[in-house]
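Residue numbers (the numbering used here), protein chains in the order written: chain A, 1 to 226; chain B, 227 to 453.
In short, the hints are calculated from the structure, not lab data. Heads up, the beta-carbon is just placed ideally off N, CA and C, and yes, glycines get one too. There may be inaccurate statements among the hints.
Only some residues are given here: those of chain B computed to face chain A with a beta carbon under 7 Å [claimed, not checked]:
id	residue
1	232
2	234
3	237
4	263
5	266
6	273
7	281
8	284
9	288
10	302
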Amino acid sequence: MAKSTIPSGPDRTAPTAGAANAPPTGADAGDLSLVRRVQAGERGAYDLLVLKYQHKVVKLVMRYLRDVGDAEDVAQEVFIKAYRALPQFRGDSAFYTWLYRIAINTAKNALSARERTPSGYELDAQGPDEWPEMASRLRDPDTPEGLALTDEIRNTVNGAISALPEDLRTAIVLRELEGMSYEEIAVSMDCPVGTVRSRIFRAREAIDRQLRKVFDGGLGRSEELV
Amino acid sequence: MSHEQLESQLSAMYDGELPAAECELLSRRLAREELLRARWSRYAMIGAVMRSEPVAAVSGDFARRVSSVIAADAGRFSLRRVAAQWWKPASGAALVAGVAGIAILVLRSGLPVQAPALAAVQPTVAAPATVAPPLATLRPDSGYALAAAPSREPASYVVPPRSLGADVDVPASLASFVVAHSEYSPPLVRRHLLSAWIGNDLVQTSPPSSSVLFNDAGAVPPANGTN
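So that you can see chain A by itself, here it is in the shape it has in the complex:
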């Protein structure tokens, strides 16, 4: 019997919906701004949401489907479903929380269809715990190449962050880990908002410079991967 790879504790990838009624801040505010533009008819804004969440959604789907190609196909379906449903998205929860639910249900339905189980109904579970029989069939999707790539990316990003000057590191950490707005960071770091914007940009650039090296020749798949 295959061992389940579903974490027994809280799912780190599952976004929490606890702050459903709180005004969106940080990344949520950025997402909501893009969502509103999509809802207003600007389809290009949805491309940015896809680019932003493609890595996470593909990784999430890979928990259910071993094959990377299959996972990308299902992830594509996830984004298309989400786009069609976006007019009904009211912003009560974060965009990724909503997208995560679509991804989980789509992946489960795809897995169900592939295993030739009856799938004439729409599965609507909110998490793996609500579908234990399917959760038990989940496999570790990580291939050695995938694991190596992920490790390389992590090491590169973490190394680049460690090498950042203190002010840049603080700014990017407050933004990415704490989810603070520029204004909040400005108050926290006692500097103008423009300086915060500049620091965060320079921090990202420094990390991205190292990351591009990984993609540009590190693992042989770089040209076709982002």
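Dock chain B against the given chain A, drawing on the hints supplied.
The following block gives chain B in isolation, referenced to the frame of chain A:
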């Protein structure tokens, strides 16, 4: 604008901190500059890795594939919407017209249906429309009057077809139907239906003055045609 300024804007836009007007301009550049899009995607990966979120490397054309499917889908979707907008009023009108048509058929078919039953009670009606001589030209000794005298029955009279069902009562259920229908039907249909019904009613209730020219007694025969 220098490339660095552009990238600085991209970073701010990624965080949702760029003014809307600048966002719009940058979005246009993002739509056509693959390098900027790739950078945007890597910014997302950097954030995910910093938060220790699981990420996977995906094909470089993944977002493009999604975008092209959505673009194709959007075309179909808008066509469906146009079709739906066209069909909605058309189907509504068709439904109303159908109901009105059925109502008219029911109203009209009601009369001939009852005619055979009436014919059983009304055995003989002089079918050929015999042209009777004008009253003024009749003389007491005319064969016309004399021939009819023994049985006191009219020798001949003209009955137009409409008077066949002249005394048929419209069923109460049918009347209720027309009244109910008039509440929902458009005025034109309602007027047509009601006028048809009322017209029938007038024929039924008014004395068929033109239907019988005379009988042997010079009196108008009963409306039910029994003679």
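Practice item. Return the status of the interface hint for residue 234 of chain B: holds when the least beta-carbon distance to chain A is below 7 Å, violated otherwise. Key: holds (4 Å)
Practice item. For the hint on residue 288 of chain B, just tell me whether its beta-carbon gets within less than 7 Å of chain A. Key: holds (5 Å)
Review point. Per the CB criterion, is residue 273 of chain B less than 7 Å away from chain A?
Key: Residue 273 of chain B check passes; min Cβ-Cβ to chain A is 5 Å, inside 7 Å.
**Study point:** Hint check: 7 Å Cβ-Cβ cutoff, residue 281 of chain B to chain A
**Key:** holds (4 Å)
Review point. Does residue 266 of chain B pass the interface check with chain A, least Cβ-Cβ distance below 7 Å?
Key: It holds, given that the least Cβ distance between residue 266 of chain B and chain A is near 5 Å, below 7 Å.
**Study point:** chain A contact restraint on residue 284 of chain B - CB to CB distance below 7 Å
**Key:** holds (5 Å)
Point to revise | When the least beta-carbon distance from residue 237 of chain B to chain A is tested against 7 Å, hint result | key: Status holds, d = 4 Å.
Review point. Is the hint on residue 263 of chain B kept, meaning its closest Cβ partner in chain A is under 7 Å away?
Key: holds (6 Å)
Check your understanding: If you take the shortest Cβ to Cβ gap from residue 232 of chain B to chain A, is it below 7 Å?
Key -> Violated, because the Cβ-Cβ distance from residue 232 of chain B to chain A comes to roughly 11 Å (cut-off 7 Å).
Practice item. Under 7 Å, Cβ to Cβ, is where residue 302 of chain B needs to be relative to chain A, so tell me if that hint holds or is violated. Key: violated (11 Å)
Comparing the model with each numbered hint stated earlier shows that hints 1, 10 do not hold.
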